[in-house]
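Trainee: Sequential numbering of the sequence shown, starting at 1261, is according to the numbering used here.
Since the hints were derived computationally from the structure, they do not count as laboratory data.
A few of these clues could be false.
As the list claims (entries may be wrong) - Taking lysine-lysine and the DSSO-like style, the derived pairs with C-alpha atoms no more than 27 Å apart in a straight line are:
#, residue 1, residue 2
1, Lys-1604, Lys-1636
2, Lys-1440, Lys-1641
3, Lys-1636, Lys-1608
4, Lys-1564, Lys-1499
5, Lys-1584, Lys-1325
6, Lys-1295, Lys-1399
7, Lys-1399, Lys-1608
As the list claims (entries may be wrong) - Using C-beta positions, here's what the derived DEER-type ranges look like:
#, residue 1, residue 2, range
8, Gly-1460, Gln-1307, 36 to 46 Å
9, Glu-1642, His-1521, 27 to 37 Å
10, Arg-1378, Val-1528, 54 to 64 Å
11, Lys-1568, Glu-1637, 42 to 52 Å
12, Lys-1399, Glu-1350, 20 to 30 Å
13, Gln-1361, His-1521, 22 to 32 Å
14, Lys-1641, Arg-1403, 28 to 38 Å
15, Glu-1642, Pro-1439, 21 to 31 Å
16, Lys-1568, Asn-1741, 18 to 28 Å
17, Arg-1403, Ala-1532, 33 to 43 Å
18, Arg-1312, Gln-1573, 48 to 58 Å
19, Arg-1312, Glu-1580, 32 to 42 Å
Think of the CB as a built atom: it goes at the ideal place given N, C-alpha and C, for glycine as much as any other residue.
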Amino acid sequence: MPFGDQDIRSHTPPERFIEDYLFLDDKIKITVPLKMPSYITSITAAQRLDSRGNPTVQVTLTTDKGTFRGLVPSGASTGIHEALELRDTESAAYGGKGVQQAVLNVTATIAPALIAKRFNVEVQQKEIDAFLCELDGTKGKKRLGANAILGVSMACARAGAAAAGIPLYEFLRQEAEAPKAPYVMPVPFFNVLNGGVHSGNTMAFQEIMLAPVGATSITEAVQMGAETYQQLKKVITKKFGASATSIGDEGGFAPPISQPHEALDLLVEAVAAAGYTGRIKFAMDPASSEFFRDGNYDLGIKDKVSPKLTPAQLSDLYRELIAKYPIVLLEDPFAEDDWETWSKFMEKGRMVDDGETAMPEIVGDDLTVTNVERVKEAKEKEACNGLLLKINQIGTISEAIAAYVQSLPFPFLLLLKYMRCNYADEMNSANLAFSYGWGVFVSHRSGETTDDFIADLTVGLRTGHLKTGAPARGERVAKYNRLMDIEDEIKQSGEEMKFAGKEFRTAHGRMVDPKIPFNVYGY
């Protein structure tokens, strides 16, 4: 039966709504829901600022349940395969970085079209996102802009959660059809030392992170990260003076260092001073596409002194660092289209057996850009074993999470195909990665906002780990505070909950054998 202009049989109704449908004649016949639908009544947009002082898009959406917003982040080191972030490049305002055209696209194009469709936000997030993609009509969202579309998608998800009377993380869990019991609180990866395009120092590597895998809760993990961060400030002050404790875009310190081992040595000292040796591991995001030049990797891109390395030499450098330091995750170790080096690094890793840090989780960011075709290619070439999930890389919430259907049991896939759910083929990312046995690592952007959406997304998808900067700067702390709020809410509700800890890569629960370790090499 048609529902407004949409056929509500086009996908399986979320579990929160099944009780409101009628089942007749021993066959599923979905009729008009027994509860009143929640329609969008208005959508507006405005230009606001991100954490770097650059304009971004804020969308405000109204339903009978209230007013809901989505404030869109922006990246500095962006992959060439990401969906388009629309900027006013021909305007002098904000140095050509304004987003007034994206704002206009929301108010003049998206708003009237979406309101006219009379979608029920409680149960039609996927249809809303599919309609937004159809309205844009281009690959990479080049007409309306991913920043315009994402703001609407985020606001719709919040409106849907309110209509359902459930927290946003539970709404997203149901949209993704993720396991519920127990909820999994993620390990926060704190970016405490900044380099690359995120800071003014001379280190080519972009992020050096702390991972408190030895914590027992998100609250304890945040405490461990914050205490170590403060000790790191003392270590840097002692070595370089107070002026060296300036911070980068993501809240991490940017001392006058140029080599990754210098950064890791600072972390070793800070972790020891905080009393967390063995309980806090390390991670790195070199963002290697940023210093890839003519087939080589120029570590001197900022200091003009450090050497240019061949892909093989850079691979050897990583292996040396992994052998010396407790590194459990390595993101974008090579350039986004240097497929051969990614694959060789993974293949050689299979022959190493030195303990749990012999080969960390190898995460693709610029390599995969939360895009299904890139994820599939990475799997075919065995290039990585982890996906970085950034919602603004692809542009809608459904495109970021709907691939859960790829890892569902075969009979259910047949049912979805029969019910014309096209998302299994077109909107894959997180759960396509899950179906490969990969980890999924949720991420903020360097140009962040105070919007804490990704905290709920991480819990809803059970990804087990996320990175959202240092335990400093309001736009970063907002996510950590929201995670602690979620932990308190779940405790008070009496629902089951666990902390991902050392199992951060397999916390999503899609593995057949729960004893599978957190990397693909058997240790």
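Trainee: So, for every hint listed, does it hold in this structure?
Mentor: Results for each hint:
{"no.": "1", "hint": "Lys-1604 x Lys-1636", "result": "holds (18 Å)"}
{"no.": "2", "hint": "Lys-1440 x Lys-1641", "result": "violated (32 Å)"}
{"no.": "3", "hint": "Lys-1636 x Lys-1608", "result": "holds (21 Å)"}
{"no.": "4", "hint": "Lys-1564 x Lys-1499", "result": "holds (23 Å)"}
{"no.": "5", "hint": "Lys-1584 x Lys-1325", "result": "violated (54 Å)"}
{"no.": "6", "hint": "Lys-1295 x Lys-1399", "result": "violated (37 Å)"}
{"no.": "7", "hint": "Lys-1399 x Lys-1608", "result": "violated (35 Å)"}
{"no.": "8", "hint": "Gly-1460 x Gln-1307: 36 to 46 Å", "result": "violated (27 Å)"}
{"no.": "9", "hint": "Glu-1642 x His-1521: 27 to 37 Å", "result": "holds (28 Å)"}
{"no.": "10", "hint": "Arg-1378 x Val-1528: 54 to 64 Å", "result": "holds (58 Å)"}
{"no.": "11", "hint": "Lys-1568 x Glu-1637: 42 to 52 Å", "result": "violated (27 Å)"}
{"no.": "12", "hint": "Lys-1399 x Glu-1350: 20 to 30 Å", "result": "holds (23 Å)"}
{"no.": "13", "hint": "Gln-1361 x His-1521: 22 to 32 Å", "result": "violated (45 Å)"}
{"no.": "14", "hint": "Lys-1641 x Arg-1403: 28 to 38 Å", "result": "holds (31 Å)"}
{"no.": "15", "hint": "Glu-1642 x Pro-1439: 21 to 31 Å", "result": "holds (27 Å)"}
{"no.": "16", "hint": "Lys-1568 x Asn-1741: 18 to 28 Å", "result": "violated (43 Å)"}
{"no.": "17", "hint": "Arg-1403 x Ala-1532: 33 to 43 Å", "result": "violated (53 Å)"}
{"no.": "18", "hint": "Arg-1312 x Gln-1573: 48 to 58 Å", "result": "violated (33 Å)"}
{"no.": "19", "hint": "Arg-1312 x Glu-1580: 32 to 42 Å", "result": "holds (34 Å)"}
Comparing the model with each earlier hint shows violations of hints 2, 5, 6, 7, 8, 11, 13, 16, 17, 18; every other hint is respected.
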